[in-house]
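Each chain is listed here by its residues.
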Amino acid sequence: MPPDSVGRLVSQGHAVTMESAAGHGAGFDDEQYQAAGAVIEQDRSAVLAGSDLLAVVNGPRNAGDWAGVPRGTVVVGLLKPFSAPVEVFEFWASGGVTALSMDALPRVSRAQSMDVLSSLSTVIGYRAAVVAAERLRKFFPLLMTAAGTIPPARVLVLGAGVAGLQAIATAHRLGAQVEAFDTRPEVREQVESLGARFLTLEVETSATQDGYATELGEEAHRQENERLREPVAWADAIITTAQIPGQRAPILITREMISGMKPGSVIIDLAAESGGNTEVTEAGRAVFYAGVEVVGAQNLASELPRDASQLYGRNLANFLQYLDQAGLAWDADHTLSLPDDDIVNRMVLVHAGQLIHTGLVKRREGGVMDVLNR
Amino acid sequence: MPPDSVGRLVSQGHAVTMESAAGHGAGFDDEQYQAAGAVIEQDRSAVLAGSDLLAVVNGPRNAGDWAGVPRGTVVVGLLKPFSAPVEVFEFWASGGVTALSMDALPRVSRAQSMDVLSSLSTVIGYRAAVVAAERLRKFFPLLMTAAGTIPPARVLVLGAGVAGLQAIATAHRLGAQVEAFDTRPEVREQVESLGARFLTLEVETSATQDGYATELGEEAHRQENERLREPVAWADAIITTAQIPGQRAPILITREMISGMKPGSVIIDLAAESGGNTEVTEAGRAVFYAGVEVVGAQNLASELPRDASQLYGRNLANFLQYLDQAGLAWDADHTLSLPDDDIVNRMVLVHAGQLIHTGLVKRREGGVMDVLNR
Amino acid sequence: MNPIAQVLYMASATLFVLGVRFLGSPASARSGNRLLAIGMLLALGTTLAFAPHYDHVVWVALVALLGSAIGVVSARRVRMTAMPQMVAFFNGLGGGAAALVAAGGWPGSSGAASWLALLTMVLGSVSFGGSIIAFLKLQEWIRVDLRMALGLRLLGLTVLAAVVAGAVYLATSGHGGIGAALGVMAAAAAGGALLTLPIGGADMPVVISLLNALTGLSAAATGFVLQNQLLIIAGTLVGASGTILTQQMSRAMHRSLMNVIWSGKAAQGEAGTAEGTVQPITHDDTAMLLRYAKKVVVVPGYGLAVARAQLEVKQVIDLLNGFGVEVLFGIHPVAGRMPGHMNVLLAEADVAYDQLWEMDRINPRFRDTDVVLVVGANDVTNPAARTQTGSPLFGMPILNVDEARHVVVLKRSMGRGFAGVDNPLYVDPKTRMLFGDAKHSLGALVRELESAQ
Amino acid sequence: MNPIAQVLYMASATLFVLGVRFLGSPASARSGNRLLAIGMLLALGTTLAFAPHYDHVVWVALVALLGSAIGVVSARRVRMTAMPQMVAFFNGLGGGAAALVAAGGWPGSSGAASWLALLTMVLGSVSFGGSIIAFLKLQEWIRVDLRMALGLRLLGLTVLAAVVAGAVYLATSGHGGIGAALGVMAAAAAGGALLTLPIGGADMPVVISLLNALTGLSAAATGFVLQNQLLIIAGTLVGASGTILTQQMSRAMHRSLMNVIWSGKAAQGEAGTAEGTVQPITHDDTAMLLRYAKKVVVVPGYGLAVARAQLEVKQVIDLLNGFGVEVLFGIHPVAGRMPGHMNVLLAEADVAYDQLWEMDRINPRFRDTDVVLVVGANDVTNPAARTQTGSPLFGMPILNVDEARHVVVLKRSMGRGFAGVDNPLYVDPKTRMLFGDAKHSLGALVRELESAQ
Amino acid sequence: MSLIAEIYIFVLAVLAGFQVIAKVPSILHTPLMSATNAIHGIILVGALVLAFSVHGTAALVIALAAVLFASINLVGGFVVTDRILAMFRSEREAGRSS
Amino acid sequence: MSLIAEIYIFVLAVLAGFQVIAKVPSILHTPLMSATNAIHGIILVGALVLAFSVHGTAALVIALAAVLFASINLVGGFVVTDRILAMFRSEREAGRSS
Ligand SMILES: NC(=O)c1ccc[n+]([C@@H]2O[C@H](COP(=O)([O-])OP(=O)(O)OC[C@H]3O[C@@H](n4cnc5c(N)ncnc54)[C@H](OP(=O)(O)O)[C@@H]3O)[C@@H](O)[C@H]2O)c1
Ligand SMILES: NC(=O)c1ccc[n+]([C@@H]2O[C@H](COP(=O)([O-])OP(=O)(O)OC[C@H]3O[C@@H](n4cnc5c(N)ncnc54)[C@H](OP(=O)(O)O)[C@@H]3O)[C@@H](O)[C@H]2O)c1
Ligand SMILES: NC(=O)c1ccc[n+]([C@@H]2O[C@H](COP(=O)([O-])OP(=O)(O)OC[C@H]3O[C@@H](n4cnc5c(N)ncnc54)[C@H](O)[C@@H]3O)[C@@H](O)[C@H]2O)c1
Ligand SMILES: NC(=O)c1ccc[n+]([C@@H]2O[C@H](COP(=O)([O-])OP(=O)(O)OC[C@H]3O[C@@H](n4cnc5c(N)ncnc54)[C@H](O)[C@@H]3O)[C@@H](O)[C@H]2O)c1
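Quick note, the sequences are listed as chains A, B, C, D, E and F, same order. The opening residue of the first sequence carries number 1 in the working numbering; numbering runs sequentially from there. The opening residue of the second sequence carries number 1 in the working numbering; numbering runs sequentially from there. The opening residue of the third sequence carries number 1 in the working numbering; numbering runs sequentially from there. The opening residue of the fourth sequence carries number 1 in the working numbering; numbering runs sequentially from there. The opening residue of the fifth sequence carries number 1 in the working numbering; numbering runs sequentially from there. The opening residue of the sixth sequence carries number 1 in the working numbering; numbering runs sequentially from there.
Isolated chain A, as found in the complex (with noise of 0.2 angstroms):
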């Protein structure tokens, strides 16, 4: 969260603590913090301890890590309830804290100022073009030069939400001949408004409430793969963010598609976290297969760590304050009222002791997802 942010907070009356050296890697001193009202606390479990509610960026890994964490606190963070260890939530559950995960917020229009899930996507999709410029040997824009005609990159993006787009949008800037698929059909008009060509592969999904995509049956998901087959072999640089709530990414690209590609092409998998939409994905390294560079994107974002932060950190804030004002509350023993409100009620992950999220008790039940976790 940037000073400005945390300025903000505590002109609403609020008093924030933070750990030392939170800023550090957005390029943030301490000193800013303190200017803009906040108190630097250099042990973290003080933090843990004397806090009503934790804004955080990433969960804990392992059950254990936060202990000390008092009943009645509110954790509010990207908790990612499909992947984050089960155990994690349970041993909230158990302590009486209460879980809000931001990545469960709707994706409905006026909750867009807190949408930490977009503000991520648009970093990691810009940056996913750049990355893929800059690993492509080759120019993005087409060239007629005196020594012959360079001709563009072709940049095929797979998956056009958030990441996806800001992707297409980065690629076609530079000059790159941009194609583009989604299984949402209402994409191809959000695809063409940015110039790039939308493959008409008439593999089709409907959308879930909030925009999201759902899987795929089987027979449609092979015929998906055929059809990709072409537009990837074209391609010299492809963007993948092909994602489903709560499941393994899908496969969009098998080993045998990149063995039909061009020696020296590129494939930056934003998927990598949640399975990879190709088959040799691993997320956080590049690995080589036929020639093709597939890099497992993880955490981009933190490779623009200023602005990066800056969106979570707003977003975060404008929470708070959302939260502020929907009435959350604490009575006389610190039992956490929380406010019956749209929105925030999504975003619940644990509360008075169960496990509230749908996906949570699915996974607690079944452990499917279990490929996932890390």
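The set of hints was computed from the structure by calculation and includes no laboratory data. Errors might be hidden in some of the hints.
Stated by the list, open to error - Lysine-lysine pairs mimicking PhoX-like chemistry, simulated, CA-CA at most 25 angstroms apart: (1) C:Lys314 to D:Lys295; (2) E:Lys23 to F:Lys23; (3) C:Lys295 to C:Lys314; (4) B:Lys80 to B:Lys362; (5) D:Lys295 to D:Lys430; (6) C:Lys430 to C:Lys294.
As the list claims (entries may be wrong) - Partial chain D-side listing against chain C, Cβ under 8 angstroms, derived: (7) Leu311; (8) Lys314; (9) Gln315; (10) Glu348; (11) Ala349; (12) Asp368; (13) Arg447; (14) Glu450.
Cβ coordinates follow ideal geometry from the N, Cα and C atoms, glycine included.
Since the structure of chain A is already known, use the hints to place chains B, C, D, E and F with the ligands on it.
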């Protein structure tokens, strides 16, 4: 040289012999060359000994490296009369070899199809902007989002020759706010034609007949530094390209000026090979100074090997064809007679046992340029 | 008639023609009006100087002065918004005057003169009756139950048929005094009134223009009666140009003239003045509105991106800047379908970054903005977000475009935006809708603005 | 005259007015000409049907048939390029006819009729003399030493002064027979001829248009003599519209009318038709040229970048595409100031990549290209690179735009390009220069093309 | 003057009237309507001639009524038109001056 | 018809003639000139009336000369105009069809 250029030479009736694997870096196989009509030779010395004309990318590093080139042979390539070891040329002179350097090609309109420097500068300029976007930990474009406005990156381009202009164009495309400066006043219009702002610093110099800048006087140089202070501090990313043929590159950015920049900023120094435009540049390395990353760019062209070699190859093929038409000929005892042609005359480094190129002659006599020898 | 008078009349006729011509373009309109006034003075002076008699000169002078005074005062007093009914009122009097002049000369005339006089009486009186009703309706001094529309129209037609029959009888029978004349006139006025009664308020301007042309024709007919070429020319000029103008006006409403004066749409027109109705606008009106504004804010949205009309929007602002209009863009943080969508788009068109103002910065400025041009934006301008607690947009900060003086919305239909809710902005009385693909509409605006240069 | 004839005459007068109106826009021009022809048939039919006498009818029929045959044959035979002199020839005959008709009716007339007849004779004859000279000069059957220009003009004026004096004498003295009439006419024709002689070939079209208006006036004057309203109206119409047309034509040449018919520039105009001169073109001509072309190639250069006119060029091609014109860009590899300069620029304007053709691909296409629009490019189109061995450009491959049917070059001046050499393309007979900043010129083209829609 | 001449005049005036109005931007519709409305105040010419020469009270009253009506129409019409155009001008001038 | 009526007609025809030509693209200048040139072939009407009624050979010759001239002007004028416009049309139509 890409296979199609080889094919062109072959179809014009020349016999082309290639060293095996010469095209690998650029992604071309020996088979492709064979298909285009070239003879592949495993042994380099056989190539050196058996050709009338040797087309190379760079010259040898040491005088003895390419022993065995027979008298009357013409060597054509980027031979760097200002920085390659003088001994190489003396060795060739003594061996009766004729050397024509592509980097001494006059920069006139009709020679542009053979202008290797332009081609390389194009690659380098584009690449510098992409690398800057990749290295800078910030967005290039302006973004107005629900989580606040991300201001555009400010990019400063110093020296607006071919590479500088290409860098300006690329950064502008990506949405950065671009300012540029050059000491040649006629460049203003060119900079503005790309949508960037030209800085008025009142430091001007005349251009040579070939459009190269001439060196600034002591005083003018001091003034330039002074007047660049503010724009440098303003910038998030700087791309420097200022060069004067045969001279050490001017220092445009001092240590102190770097200290005035925002931490996290990036400088891409394209003049690194001729000494660098900043005080801290190290060719081929990225150094951090006061939180600013200074990339001493070296051989950026090799990062787009396929496109760069296509451009270089076409330029070279065009030049060879030009030479042929201009009347390059060997008499019975393999003595070479050079055509009397404006363009060719300017490119001769070594001929008939003599060092011809004025820069080279000066270096042999004065040795002033030894800073740059590597 | 005296040849000098004739020549002077000819001069004033020429001034009329030129004056109307000048009135056709914004730059010269005022000079046009002045030419007309000079022509009129010339005509009156000539008439006074060369009149064959000067009987009753005192009375005439008094009455003319009285009339002028009434004209000046009422024209000065009227509110700007009541201009159309004022014109209707004046027009009715003009028609009445023509009828009266004809009636005054009619008794004793015969042949063609008699026919022409009766024609004038009928035309002038219809114009009188219709105009007075138009005036009363626009003043909202009378209201009509629309279920009576058809009845009124049929009655009106019947009355007019009777008038025509009577007039023909009078002309052919060759006798009839001032009483018969007054009778014909009263009946004709009633017929005009009946036909005008059911026409809706929104359509009135077109009808007034039509009646105006009719008055012109009646003046021309008077000219035939009096053998006065100036009257013929001036009246015909008004008749002909008024007809063209009427056509243009109904075309600007995307209606046919017949539809305006007859069809059931009139009823809708009536409703059209009430709150809650969408008011369309034409390209040329939008262009004029923009061209004569001081401050304009353009609010782009997803529709701009869909239409890929960024070049056109850039041209519109360049043209407006050329006219000295201050133009800014108000960028809503979630306009479009991805963060920064508008930025990408406008950068393509090379719009300067400092013309892009974020929501928080532009919102306080709407209050003194003359025109907001909403280009394919919907949700981000939806005032429901401020007021309708149940709306899915409730609580989302929006661009308060409704605080500006005028709002023009460019979109293809009444289609909804991303959030899928209706936008009360579109029925705001100060909002006008310019329907059509944004690229096309902006292109048309460019054309209009260029022709206004 | 018979009232039915009058009404038919009126109808044909109306057709004339509408016909000329229709001729003013490319889309309706042909219908306009047809309306005129119908009006003419109507007028002739009416005249024949209602003529008071039919003496000499056989002779008249024969002569009229002969005349028609001559008209058809000569109009059919003439080469397209000789159209202007053909029009001049016909116009002269028209003037002559008017003068002859007036002369035929003059003996024995008196008062106004006499004056009017003499006026007609003078006007018609001047038009006759001038037109015939215009015809002869354009046919290059006569040539005039320009040192004699002033002398000829003064002589012409003197002759005309004498003609006026003679005519006044004849009118006031009230006598004079056919001989005197022929004398006046001969002298007037001589005067017209003398004044037209020194005018340069390039200016002739303007002069012909002026003489055309003059013939119209003489026909109108004949109408006064014969008390024929149709002649008055038709003649006046031609006189008035011809005057406006003459003004527009001289404005299109950036000259004043006075300058055209009198000034020394005429001499330059003469030279202007020779080889080696720069021929400017106007926006509207360029627009029409483009609009009615099949294949257009746009050649952008550094000037396009300097003007930052990429959006405008995009609009021009979009409009042309809309008209069904095929448009491509021919991109020279070194256009601009950096490799790929044009690509960057045109990508900003979202020009589709497949519309960009490289030099080697576009060069063979110029041969069947109707119009090449060179936008701020210079060196890359310089044919000297092919031919002038000494040129610094010699040997550089260029875009062979000079192989196309028409070339229009947009630049600000005759300024040189990067290589600093003159460009013989600019004095190629098929090249026209559209001077001005490229952004401005292209903007004007957009306007013109839009109005041609 | 003969009737036929007057009809000629009428026809030509119709032609002139039709042509005089090219495409007018609709912001000018109201002032144009108002100005042409003022023009037929020219009927005052007829009313004056009539009033100067009538005999009898009834006829005089009719003539004077015509004078009254016509003068209101004429004067009021011009004033209203000028007001509309003035508003228009000032807005424009304000626009320029800013 | 009185002279004054004719003058009225003249003035109105002038007004109509001035207005009938708005801004014409210069590509139409030649056909427009040629068409208006054809119009004053209307003088043939006068020539016919004259020729039908003259007495004496000299007068007849003059009248017949007028008929000849006028008919050449009229017929030739229309044919030329049509040719110019046809060229124009065909170019355009070709353009469309491609
Ligand atoms: N910015 C983001 O990151 C993001 C991401 C996802 C969703 N959203 C949501 O998207 C919405 C953005 O608001 P907005 O006002 O920009 O868009 P919007 O509310 O979706 O409205 C766009 C309007 O443009 C019109 N339109 C579409 N095509 C057009 C064309 N060719 N020409 C003219 N008009 C056209 C449509 O009306 P017609 O059909 O009648 O023409 C539509 O009502 C917000 O609700 C936001 O929450 C934003
Ligand atoms: N592409 C490269 O890599 C590169 C690099 C360096 C040099 N060059 C050289 O640059 C030249 C490029 O050829 P080119 O034909 O593109 O350009 P050019 O030969 O330099 O000609 C450009 C023309 O544009 C006109 N112009 C300038 N501003 C204008 C404006 N605002 N509006 C309209 N016209 C304008 C100028 O004429 P007016 O002043 O009369 O308007 C000028 O003659 C070649 O000689 C090439 O060798 C190229
Ligand atoms: N209301 C708002 O203001 C708002 C704000 C941000 C996002 N949203 C919406 O939220 C939704 C989700 O956006 P996101 O970026 O988080 O999505 P995401 O990251 O969950 O998924 C990325 C994209 O992959 C696509 N995809 C899934 N399976 C695919 C397959 N097999 N093949 C191809 N593509 C596949 C999805 O359709 C989606 O577009 C979008 O509809 C977006 O418009 C709304
Ligand atoms: N005729 C042609 O077709 C053609 C083709 C390519 C290049 N050229 C011309 O060749 C010339 C050289 O181009 P290049 O890219 O090889 O140049 P370069 O690499 O030698 O130098 C780069 C730039 O640095 C600038 N510079 C030098 N000292 C500076 C200082 N102290 N401060 C700021 N800037 C400084 C120079 O002016 C030059 O623009 C240019 O004029 C270019 O237009 C011509």
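Would you check the hint for B:Lys80 and B:Lys362, treating anything up to 25 angstroms between C-alpha atoms as holding? 14 angstroms, holds
Restraint check, 8 angstroms cut-off on beta carbons, for D:Ala349 near chain C: 7 angstroms, holds
Hint check, D:Glu348 versus chain C [nearest Cβ-Cβ separation less than 8 angstroms]: 7 angstroms, holds
So, as I understand it, the hint says D:Glu450 touches chain C; can you test that by seeing if any CB pair is closer than 8 angstroms? At 5 angstroms from the nearest chain C Cβ, D:Glu450 passes the 8 angstroms test, so the hint holds.
What's the verdict on C:Lys430 and C:Lys294, does the C-alpha distance respect the 25 angstroms limit or exceed it? Holds: C:Lys430 and C:Lys294 sit about 17 angstroms apart, inside 25 angstroms.
Sort out whether F:Lys23 lies within 25 angstroms of E:Lys23, counting only the CA atoms. Holds, at about 13 angstroms.
Would you mind confirming whether the straight-line C-alpha gap from D:Lys295 to D:Lys430 stays at or under 25 angstroms? Holds - the C-alpha atoms of D:Lys430 and D:Lys295 are around 16 angstroms apart, at most 25 angstroms.
Hint check: C:Lys295 vs C:Lys314, CA-CA at most 25 angstroms. Holds or violated? 16 angstroms, holds
Would the hint on D:Leu311 be counted as holding, given a Cβ-Cβ threshold of 8 angstroms to chain C? 5 angstroms, holds
Given the hinted pair C:Lys314 and D:Lys295, is their Cα-Cα distance within 25 angstroms? 29 angstroms, violated
Taking the least C-beta to C-beta distance, is D:Arg447 closer than 8 angstroms to chain C? 5 angstroms, holds
Using Cβ atoms only, decide whether D:Gln315 comes closer than 8 angstroms to chain C, and label the hint accordingly. Given a least distance of 7 angstroms, the restraint on D:Gln315 holds.
Checked against the numbered hints above, the structure violates hints 1 and 12; every other hint is satisfied.
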